[in-house]
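*Asks:* Spelled out from the first residue to the last, the chains are:
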Amino acid sequence: MTAPASGQGPVLVLENVAKRFGPIEVLAGINLQLNRGEKRALIGPNGAGKSTLFNLVSGRFAPSSGVIRLGERRIDGMPAHQLNRMGLSRSFQITQVFGGMSLYENIYMAVMSRYGKRWSFLRTGRVWRDIAEQTRELIAYAQLTSLADRQASTLAYSEQRALEICMTVATGPDLILLDEPTSGMSRAEAANMVAFIGRMTQGRTLLMVEHDMDVVFGLADTISVLSQGQILATGTPAAIRDDTRVQDAYLGGNVH
Amino acid sequence: MDAFLVALLNGLVYGLLVFMVSAGLTLVFGMMGVLNFAHASFYMLGAYAAFLSGRYVGFWGGLVVATLAVGLVGLFSERLLLRKVRSFGHTQELLLTYGLFFMIEEVVKLLFGPTPVAYRVPDELRFTAFTIGNSQFPFFRLLMGATALVMFFGTFAALRFTRIGLIVRAAVERPQMVSALGHNVPIVFSGLFAVGSALAGLAGAVAGMYYPTSPAMAHELGSIVFVVVVIGGLGSLNGALAASLLIGVMTSFAVGIESTFGDLFRALGLSGLALPGLEAVQFSSIAGVLPYALMLFVLLWRPAGFAGNRA
Chain A
1 MTAPASGQGP VLVLENVAKR FGPIEVLAGI NLQLNRGEKR ALIGPNGAGK
51 STLFNLVSGR FAPSSGVIRL GERRIDGMPA HQLNRMGLSR SFQITQVFGG
101 MSLYENIYMA VMSRYGKRWS FLRTGRVWRD IAEQTRELIA YAQLTSLADR
151 QASTLAYSEQ RALEICMTVA TGPDLILLDE PTSGMSRAEA ANMVAFIGRM
201 TQGRTLLMVE HDMDVVFGLA DTISVLSQGQ ILATGTPAAI RDDTRVQDAY
251 LGGNVH
Chain B
1 MDAFLVALLN GLVYGLLVFM VSAGLTLVFG MMGVLNFAHA SFYMLGAYAA
51 FLSGRYVGFW GGLVVATLAV GLVGLFSERL LLRKVRSFGH TQELLLTYGL
101 FFMIEEVVKL LFGPTPVAYR VPDELRFTAF TIGNSQFPFF RLLMGATALV
151 MFFGTFAALR FTRIGLIVRA AVERPQMVSA LGHNVPIVFS GLFAVGSALA
201 GLAGAVAGMY YPTSPAMAHE LGSIVFVVVV IGGLGSLNGA LAASLLIGVM
251 TSFAVGIEST FGDLFRALGL SGLALPGLEA VQFSSIAGVL PYALMLFVLL
301 WRPAGFAGNR A
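Going down the list, the sequences are from chains A and B. Start counting the first sequence at 1; every next residue gets the next number (this note's numbering). Start counting the second sequence at 1; every next residue gets the next number (this note's numbering).
Source of the hints: derived by calculation from the structure; they are not laboratory data. Hints may contain errors.
Not the full set, but computed from the structure, chain B residues with beta-carbon under 10 Å of chain A [claimed, not checked]: (1) Arg126; (2) Thr128; (3) Leu142; (4) Leu149; (5) Arg163; (6) Met177; (7) Gly182; (8) Asn184; (9) Pro186; (10) Ser190; (11) Gly269.
Nothing here was measured: the structure is a model prediction, and the numbers come from that model. Glycine residues also receive a C-beta, built at the ideal position from the N, C-alpha and C atoms.
The shape of chain A in the complex, shown without the other chains (with noise of 0.2 Å):
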């Protein structure tokens, strides 16, 4: 596997972001910022703006006002095909793997995009050597390889969801969305799945929604919590567990 490209400066940046549909205000003025290699969690009462939030940034919808800077580079307002060939991936809340295909061959289409070889007709030379290899480097650090072959369709769920997270690294991009990556789990499952998720996006930068304290607390080195469409806190897990803005959030301390 590739390390991120290292470089100065925030992976990405929120610059007074907001998203208006119709008359009704679901973000109002958001700032936020990830640095290199930080884990950041984006948690939130139900209809707090987590998931429009989440949509502006993977570039589903354009904000009404604001600044989204992914490096260097505005992308807000971004079809999501560029949005990744700029470094920026993202898994579903619901599994999209292709059913129809070998896990290898999902994986590969995902490595074969980071080498920009969208339209080469013919699989010879060097570069798809590289890209063979490569998929089957990464699918050995998933500890796959025993599923390599096999159609996505015929795969476990959790099985589908960690090949999500292998296809969502492998197009070797500087920042990581997951969209609730244990939604449907068992509990004995997602604590598997965030140790899968550990060890898969170790030295990357994460930004990721979900629901789950568990995985939250696991995972996260940083939290936001989004209320009323604005940012109430971000800090450390310790830090939010024991803010008592953000337990007036949640209900009286109904932190789920």
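Model the placement of chain B on the given structure of chain A, informed by the hints.
*Replies:* What follows is chain B alone, placed relative to chain A:
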């Protein structure tokens, strides 16, 4: 026995012709889900394009020009028209391509007249490939069949073994994820549509020489290709090939039967029960209905088609 062989061969060749046109529709409708009613119009345009350009670039050059030209027409139709209505759903697509179907027909009538143009098999290809009994099998029919088979194996291999094929299959399944992996899905879809149209163009260029090249070409195959894609199973090339051959052979044999319904009723001892008008009807005259009857049965018995994996 000879008659049987001839009917079988003719049926297979007709089936392969139907497959040539359905192959493109399998990509466009079966895989991308675009209800392109004008697909057979592209087939007709292919014949005219080859007819026009063949005078300058020769027969083989005409095939190439027709393929590329119709591919371009498809590309523009997708990018300038279909893309705009895609988000409104299938009804709008159907209405738009229905309009396109008639527009293309009228424009062609305006330019070339409603009657067939003189697009003919070149003399050097007019020879008999082999003889069965008293009937001669022209080489050109073989060439049509061969084109269809090349189309089948070419498209199949491109989808299965190339990198673009991998992206196309993935984009058809999960466009959102493919886009998140950095592939430009709208361009992939435009390209796929263009290739589907180009295949129809090539089919027209080859078939227009043997069958009359007229504006009615689009009508003759317009609905049957949808039948093939539905019977074969959406998005399945193998299914489309099987369905085309079945329809071709079935139609060819039905046309060859000389009995009437009256003969059938008499054989069953039911002559008194049948309507007098029906007794005189020949079996061969229902040949045209058979594909549609087959589609009804397939839809009732196996809604996903022969090889389809989604309904």
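*Asks:* Going back to the hint list, which numbers does this structure go against?
*Replies:* 1, 2, 3, 4, 10, 11
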